[in-house]
Amino acid sequence: MQPSFLFFDLGNVLCRFSHERMARQMAEAAGIAPERAWQILFDEGLEWAYERGELTPEAFHAAFCQRAGANVPADRLEAAGNDIFELNVPIVALLGNLSLAGCRMGVLSNTSPSHWRHCTERFAILNTQFALHVLSYECGAIKPDRKIFECAVQRVGLPPERLFFVDDRPDNVAAAAAAGWDAVVYHSVSQLNEALRSRGIVTNF
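Residue numbers (the numbering used here): 339 to 543.
Honestly, the hints are just simulated from the structure, not real lab data.
Quantities reported herein were computed from a predicted structural model and do not represent experimental measurements.
A few of these clues could be false.
To be verified - Here are the simulated distance ranges between beta carbons:
no., residue 1, residue 2, range
1, Ala431, Glu382, 20 to 26 angstroms
2, Gln377, Arg455, 22 to 28 angstroms
3, Glu392, Glu488, 15 to 21 angstroms
Cβ atoms here follow ideal geometry from the backbone N, Cα and C, with glycine treated the same way.
With the hints as constraints, model all of the structure from the sequences given.
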């Protein structure tokens, strides 16, 4: 069945990014060890709470500084945490061809308000190629939680079996499939193009 709407993950599909770089840069800004920054952000779950929409940017900043025992200006800490993304340039041409072919596309991603604002300001395609943005901090759930896929279904107004999703993480793809979606793991632009062709979506890419 040819899908009616295509959803793309942000991190490591549309953009390359590194949590290790995030922890390292925020550690440098705070004057702590990178291992401690990683622990605060990921082992203790501060970043995950931020991406679920449980914290405002101000609350995230305050919590990080409190746990780090540091007093870092908010703009400096945010810049350190945001400067981790690079556009996945090879996918841009495919997106353009899909758009020309009339495909409806959206972003479905775990992200924070800070990261999303940074990416939309830096990468124009996020504003021009996608009709819908389904973001974890707005839905109150992060992949692979089924709730975010249900949020996307509600937002797009189509049944799950009409939706296609590509993500670099197999656990997220498995969760989408369990929710009734057609989903594939991202490896390369050529592999993604072939996956779309096999579903009847043929472009000039």
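Quick rundown of the hints versus the structure:
1. Checking the proposed 20 to 26 angstroms range against Ala431 and Glu382 shows it is violated: the Cβ atoms sit about 40 angstroms from each other.
2. Taking 22 to 28 angstroms as the suggested C-beta distance range, the pair Gln377 and Arg455 conforms, at roughly 26 angstroms.
3. At roughly 19 angstroms, the beta-carbon separation of Glu392 and Glu488 lies within the given 15 to 21 angstroms, and the hint holds.
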